[in-house]
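Protein chains in written order, with numbering that gives the first Met the number 0: chain R, 0 to 189; chain B, 0 to 111.
A couple of the hints might just be wrong.
[Unchecked claim] Covered by chain R, according to a simulated footprint, are these stretches of chain B (three or more residues, beta-carbon under 8 Å):
id, stretch
1, 6-12
2, 25-33
3, 52-59
4, 75-83
[Stated by the list, open to error] In silico DSS-like links for lysine-lysine, alpha-carbon gap of 27 Å or less:
id, chain 1, residue 1, chain 2, residue 2
5, R, Lys149, R, Lys135
6, R, Lys134, R, Lys177
7, R, Lys149, R, Lys177
8, R, Lys2, R, Lys21
9, B, Lys62, R, Lys134
10, R, Lys21, B, Lys33
11, R, Lys135, R, Lys161
12, B, Lys84, R, Lys142
13, R, Lys161, R, Lys134
14, R, Lys134, R, Lys149
15, R, Lys177, R, Lys135
16, R, Lys21, B, Lys28
17, R, Lys161, R, Lys177
18, R, Lys149, R, Lys161
19, B, Lys86, R, Lys149
Simulated from the structure, these hints should not be mistaken for lab results.
Using N, Cα and C, we set each Cβ at its ideal position, and we do this for glycine too.
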Amino acid sequence: MDKGLRRALRDLTAQDAESRRKAMDRLARDTFEVFIRYLYRYLGNEADCEDVLEDVYAGIWENPDHLRNVTNWRQFLRTVYLYYMRGPLREIYRRRNRYLTLSEEDLNRLVAPELGVLGLMSQNELREQIQRMLKKLTVPERKCVQLWMKGASYRAIANELKTTVGAAKMRQFRTLLKLKAMFDDSYRQD
Amino acid sequence: MADKNREVHELLADYAAALRDGCIPTFLKSLTRKEAQILAGSQEFWDAADIVRALNGVAFAEKAVTPSVTLFLSRIEAEIASRAKAKGSLRGKRTNGARSATKMENRIDKPV
Chain R
0 MDKGLRRALR DLTAQDAESR RKAMDRLARD TFEVFIRYLY RYLGNEADCE DVLEDVYAGI
60 WENPDHLRNV TNWRQFLRTV YLYYMRGPLR EIYRRRNRYL TLSEEDLNRL VAPELGVLGL
120 MSQNELREQI QRMLKKLTVP ERKCVQLWMK GASYRAIANE LKTTVGAAKM RQFRTLLKLK
180 AMFDDSYRQD
Chain B
0 MADKNREVHE LLADYAAALR DGCIPTFLKS LTRKEAQILA GSQEFWDAAD IVRALNGVAF
60 AEKAVTPSVT LFLSRIEAEI ASRAKAKGSL RGKRTNGARS ATKMENRIDK PV
């Protein structure tokens, strides 16, 4: 973790407002891009990511104590997610949709899940891991996931795999479960 | 998402598409009570959803268009100021004695 960022985290709890403001400025500049990309995993939409992130920084400003003793990046990400990010993430769609068939617990699980191995990985780590896992899949499985990652529709994926849309969706589902099992195995081995 | 009797793999496909397109609220609204029950009871859905989020992060997060940090900082400042103002006004109201003692107690008991 960068020395400047660590100092900024410490100064967030300083007594004088000017030091706190400078620390906040540094924190936001250093983490903005990372947090936006991180939130994008959960929301898939820039405007929502910005709304949540605004609340995250305001939350940090109001109550920065949880970050005072953070020493490394992973711990920092975990603390930010648990104390400052999960709450606004849970709120964002609940505010908009008051009458959902999904229970509150399931909505939280969908939009702001518990932090697992995948949630703690940086963008680069995640990219490397996924590339490695994709190589272990069969050709049709890999094709299915890669086409989805390129933005192809299920119709286009089905055409490419010479199958029906339903079968393409089922293949994607099975492939994702296979990937999940691979991730869990690799985590257990590590 | 017109289908109303989707199976778990179809629900996952629609969730994945909604996440990729940035329209999760549409997906949430499209769920029927029965489908919501299917989701709740299917560990496979939650496992696959975990991977979908990771794939979404890798494939599309880099392409997300973000505003300039300086502009965003002013948004944060405004949010902080508005929260401080809201807190201040709440404190003002409390001191004028308009709240009953029971309400104040309830407020203190409320978990954070």
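These are the hints, each one checked on the structure:
no., hint, in the structure
1, 6-12, "holds (count 5)"
2, 25-33, "holds (count 5)"
3, 52-59, "holds (count 8)"
4, 75-83, "holds (count 4)"
5, R:Lys149 / R:Lys135, "holds, 19 Å"
6, R:Lys134 / R:Lys177, "holds, 12 Å"
7, R:Lys149 / R:Lys177, "holds, 20 Å"
8, R:Lys2 / R:Lys21, "holds, 15 Å"
9, B:Lys62 / R:Lys134, "holds, 23 Å"
10, R:Lys21 / B:Lys33, "violated, 51 Å"
11, R:Lys135 / R:Lys161, "holds, 22 Å"
12, B:Lys84 / R:Lys142, "violated, 54 Å"
13, R:Lys161 / R:Lys134, "holds, 21 Å"
14, R:Lys134 / R:Lys149, "holds, 17 Å"
15, R:Lys177 / R:Lys135, "holds, 10 Å"
16, R:Lys21 / B:Lys28, "violated, 42 Å"
17, R:Lys161 / R:Lys177, "holds, 21 Å"
18, R:Lys149 / R:Lys161, "holds, 18 Å"
19, B:Lys86 / R:Lys149, "violated, 46 Å"
Violated hints for the displayed structure, listed by number in ascending order: 10, 12, 16, 19.
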